[in-house]
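Model the placement of chain V on the given structure of chain G, informed by the hints.
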Amino acid sequence: MYFGQRLTRREDDKFLKGRGRFVDDIEPAGTAHIAFVRSPHAHARIRGIDAAPARALPGVLRVLTAADWQAAGLGALTCVHPMPFSDGRPMNEELRPALASGKVHHVGDVVAAVVAEDRYAALDGADAVAVDYEALPAVTDIARSLDEDAPVLHQRFGSNLVFEIERGDRAATAAVFDAAHHVVALTLDTHRVAGCPLEPRAYLSRFDEATEDITLWATSQTPHYLRRWLAKYALGVPEHKLRVISPDVGGGFGLKTHFAVEVSTVVWASILLGRPVKWTSTRAEALMSDAQARDHHTRARMAFDRDGRILALEVDTIAALGAYLSNFAPSIPGNSYPQTVTGLYTTPNLHLRVRGAYTNTVPIDAYRGSGRPEATFVNERLLENGARELGIDVAEIRRRNLIPAEAFPYTTPVGRAYDCGDPPALFDKLLEIAGYEGLRAEQRRLGDRGVRMGIGIACFLDKSGTGSSRNLASRGGLHGGYESAIVRIHSDGRATVFVGSHSHGQGHDTTFCQIAADRLGLPIEDIALVEGDTGSIPFGNGTWGSRSLSVGGVAIMQAADRVIDKARRLAAHMLECAEEDLLYENAVFSVRGTDRLLGFADVADAAYHGAVLPADGSMEPGLEETVFYEPPDTNDPQAMHLAVVLVEPRSGKVTVRDYFTADDCGNIVNPLIVEGQVVGGLAQGLGQALMERVVYDGGAAGQLFSGTLMDYALPRASDMPGVRMTFQETPAPSNPLGVKGGSETGTIGAPAAIGNAVVDALWDLGVRHVRQPFTPDAVWHSLEDAAG
Amino acid sequence: MMRVTLDINGREHAAEVDPRMLLVEFVRRCAGLTGTHVGCDTSQCGACTVHLDGIAVKSCTVFAAQAEGHAVTTIEGVSPDDGLSPLQAAFKEHHALQCGFCTPGMIMSALDMIRRGAATDEQAVRAGLEGNLCRCTGYQNIVAAILAGAAAMAEG
Numbered sequence: 001m002y003f004g005q006r007l008t009r010r011e012d013d014k015f016l017k018g019r020g021r022f023v024d025d026i027e028p029a030g031t032a033h034i035a036f037v038r039s040p041h042a043h044a045r046i047r048g049i050d051a052a053p054a055r056a057l058p059g060v061l062r063v064l065t066a067a068d069w070q071a072a073g074l075g076a077l078t079c080v081h082p083m084p085f086s087d088g089r090p091m092n093e094e095l096r097p098a099l100a101s102g103k104v105h106h107v108g109d110v111v112a113a114v115v116a117e118d119r120y121a122a123l124d125g126a127d128a129v130a131v132d133y134e135a136l137p138a139v140t141d142i143a144r145s146l147d148e149d150a151p152v153l154h155q156r157f158g159s160n161l162v163f164e165i166e167r168g169d170r171a172a173t174a175a176v177f178d179a180a181h182h183v184v185a186l187t188l189d190t191h192r193v194a195g196c197p198l199e200p201r202a203y204l205s206r207f208d209e210a211t212e213d214i215t216l217w218a219t220s221q222t223p224h225y226l227r228r229w230l231a232k233y234a235l236g237v238p239e240h241k242l243r244v245i246s247p248d249v250g251g252g253f254g255l256k257t258h259f260a261v262e263v264s265t266v267v268w269a270s271i272l273l274g275r276p277v278k279w280t281s282t283r284a285e286a287l288m289s290d291a292q293a294r295d296h297h298t299r300a301r302m303a304f305d306r307d308g309r310i311l312a313l314e315v316d317t318i319a320a321l322g323a324y325l326s327n328f329a330p331s332i333p334g335n336s337y338p339q340t341v342t343g344l345y346t347t348p349n350l351h352l353r354v355r356g357a358y359t360n361t362v363p364i365d366a367y368r369g370s371g372r373p374e375a376t377f378v379n380e381r382l383l384e385n386g387a388r389e390l391g392i393d394v395a396e397i398r399r400r401n402l403i404p405a406e407a408f409p410y411t412t413p414v415g416r417a418y419d420c421g422d423p424p425a426l427f428d429k430l431l432e433i434a435g436y437e438g439l440r441a442e443q444r445r446l447g448d449r450g451v452r453m454g455i456g457i458a459c460f461l462d463k464s465g466t467g468s469s470r471n472l473a474s475r476g477g478l479h480g481g482y483e484s485a486i487v488r489i490h491s492d493g494r495a496t497v498f499v500g501s502h503s504h505g506q507g508h509d510t511t512f513c514q515i516a517a518d519r520l521g522l523p524i525e526d527i528a529l530v531e532g533d534t535g536s537i538p539f540g541n542g543t544w545g546s547r548s549l550s551v552g553g554v555a556i557m558q559a560a561d562r563v564i565d566k567a568r569r570l571a572a573h574m575l576e577c578a579e580e581d582l583l584y585e586n587a588v589f590s591v592r593g594t595d596r597l598l599g600f601a602d603v604a605d606a607a608y609h610g611a612v613l614p615a616d617g618s619m620e621p622g623l624e625e626t627v628f629y630e631p632p633d634t635n636d637p638q639a640m641h642l643a644v645v646l647v648e649p650r651s652g653k654v655t656v657r658d659y660f661t662a663d664d665c666g667n668i669v670n671p672l673i674v675e676g677q678v679v680g681g682l683a684q685g686l687g688q689a690l691m692e693r694v695v696y697d698g699g700a701a702g703q704l705f706s707g708t709l710m711d712y713a714l715p716r717a718s719d720m721p722g723v724r725m726t727f728q729e730t731p732a733p734s735n736p737l738g739v740k741g742g743s744e745t746g747t748i749g750a751p752a753a754i755g756n757a758v759v760d761a762l763w764d765l766g767v768r769h770v771r772q773p774f775t776p777d778a779v780w781h782s783l784e785d786a787a788g
Numbered sequence: 789m790m791r792v793t794l795d796i797n798g799r800e801h802a803a804e805v806d807p808r809m810l811l812v813e814f815v816r817r818c819a820g821l822t823g824t825h826v827g828c829d830t831s832q833c834g835a836c837t838v839h840l841d842g843i844a845v846k847s848c849t850v851f852a853a854q855a856e857g858h859a860v861t862t863i864e865g866v867s868p869d870d871g872l873s874p875l876q877a878a879f880k881e882h883h884a885l886q887c888g889f890c891t892p893g894m895i896m897s898a899l900d901m902i903r904r905g906a907a908t909d910e911q912a913v914r915a916g917l918e919g920n921l922c923r924c925t926g927y928q929n930i931v932a933a934i935l936a937g938a939a940a941m942a943e944g
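The listed protein sequences derive, respectively, from chains G and V.
First residue of the first sequence? That's 1 in the numbering used here, and the numbers climb one at a time after it.
First residue of the second sequence? That's 789 in the numbering used here, and the numbers climb one at a time after it.
Mixed in with the good hints, there may be bad ones.
Label-pair ranges, simulated between beta-carbon atoms [claimed, not checked]:
1) T793/V x E134/G: 48 to 56 Å
2) G798/V x D213/G: 34 to 42 Å
3) R55/G x A906/V: 49 to 57 Å
I should point out that these hints are in silico values taken from the structure, not numbers from a laboratory.
Heads up, the beta-carbon is just placed ideally off N, CA and C, and yes, glycines get one too.
In isolation and in its complexed conformation, chain G is listed as follows:
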């Protein structure tokens, strides 16, 4: 049994020896390179583009603009998860243009593309394209985006509003607030961050003039989506002539899911030129073009009874969507956020309003956590402030509000049913590994010596394995929630597994083969995994929303089971016995009560030879099965964090000294990999909490300040505390593996837990809130404000 084993990863050796194969590592002879001309303005009218100086440069092959795109009759990039207004009106949809026409709407908007013999010539060409801009006033601050006097990005909508939704019951919630014993109200913004996988995005497209086949190597978490979107929406190429290969990919975290603005132009240029064309993003381009995340302005209130029980939650959020709508963007504040905002508590009343809005910023889309970090920050910050104001310990108030195990499946005020779990038991595990009482005693001791230690907690849930397709469609989705897999047994009895998921750090080559090996009864060494190639995999909804294992993993399991079913039928025929009399163990079929044996490899050999199959034609030759697995529902991983911080009030510096996590992500296939996902996610959550922030100037110019990794601070080894983890395994009822997503809880909980810890450390100085990220500047200002 491989399930549950801490196997080291099969994919590691190639990476450790520098033998990974990433998109930028591939360069066929004759490859031309693209450089993009990008807007230096946040908002401007394009009065003219003069490409002649670029065309005159040596090595420049082609300059492409929106006029060329339109002349070629090409389509638009797409948004596959629209979010209508609550009253049914469609959202105000402005899609991201491959090449901006008429106006630019954010710094980094693509205005032209220069194709040249090599990268240097392309960059020189891009520098030589003269664009005449008429700068317009910009709005980059989400809190100001819907003001009467805010500059409007897309005039045809009359304002920057994309959609407005309400969830819960406004009147009932208002009545509860009016009568409540205690109410906490806070402004709880979650700032804008950039996903920053270490490998920048890259695309290489090769057009074969003889066959008219296009092969695209892409840094994609969803190669089948990319093929469909290019074919259906942008370029109109036949889907069967376009093969998308996503080889080794250096991290994704969501943003390599999206229909990026540059990829269509790369493919189009390769068709126009009849030669391979490549673009590899620089980091500076990534920070002005990769979809960004979060960026909520929220005012929220929580009502309590005298015992600290939550009576109601009221949330009013403006969610930035950027200058245009990226693929999944509206669904994040529209679905993920409301569905998780009451977290793991028995909050009976909710009223939530979300308004999506355009700003002159890079488009927003899914990034690890996606809607849940914003929701958790609101819920958890209000709860801890409430506890302190009521004089109830923050652990005790959670015990009074956590959903008990027997209440599952538990339906929230937004109508979402959480599948299973035991939050009170998980909470006990967290407090136990953290030594909560001891930490409080230490806090008092240190406090006596003038050292400000803070303890913060967050309890929350994730939303993983997004499905079914029907459920997705009911919430506006125009894409599927299923996954496909092929298990192919070769004539020597070894296997190749093909699946529509994509691993870019998650270790599928190990985890998925652990599952396949168990189901096939083969040693894991006899199984190979293929992902990321539309040429060999039936279809894939890809890897996002922690769906790979609970959807793709189950597809593999079911295909393997069907293979064994057929092998058993064939073995029974060959051994001239009834199927029920066969035992299958360690790749050998044996007839119960006899010494007659038949190896799995012999059955496979016979299946491919074909001659020994039943003469009545009741069995086809070959040994391979395809499954399209549709999950019945989403699953609900749960987690709890406890952060211990030290705060220096004079400088405002926050140090996270210790961090404890308790996760319930269902059954665990490989603990080594799951632990890695927890700590890795946590580093990104800690980054958001303490240092990462996309900064625009906030004024009418709308300039981007965080344009390189010198300005956009990613956490380094010395920023991370040691992390202690514990797990509880409540099997998910919605899939036969009993698994749930396990990789997003780190980003979801850390801003809330660390924020609560910072406020805990400074509460007696009058600090009630610190804005994110909790930089020395933010903490210092909170202290100044508290001192009045």
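Just chain V now, with coordinates in the frame of chain G:
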């Protein structure tokens, strides 16, 4: 254009290059050694770390032409033909990599740290990794792997 000849992993590589070509680009495009990666434009990430005369440098901060006359060692040059080096084996054992993109730079930096005797304890290793970014692992397992790798190399 100018002709640049470099000693990379003990082998001579010559090419006509643009004078602005960086060492990392020469390594990747002219020598075809794609284990060395580019993760930023501003020498923050360390994915391009190689050894120049045995010292770790970020190959995006060196022009290819400047490396003439020096011995360049890349991840391919410190990897045994069969199996893994003790440090690489420690990375695997401790699950110190996920996407694998930063990994060659981490190995090259860690080797330098270990050879300098600077990988003494957790705090020293965390400080020693100041020039290398990893976006996947949260560093915990990388730190453990480097300490284990240092111990294995000391026993060597």
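Structure-based check of all given hints:
1. T793/V x E134/G: 48 to 56 Å: holds (51 Å)
2. G798/V x D213/G: 34 to 42 Å: holds (41 Å)
3. R55/G x A906/V: 49 to 57 Å: holds (53 Å)
The structure shown violates none of the earlier numbered hints.
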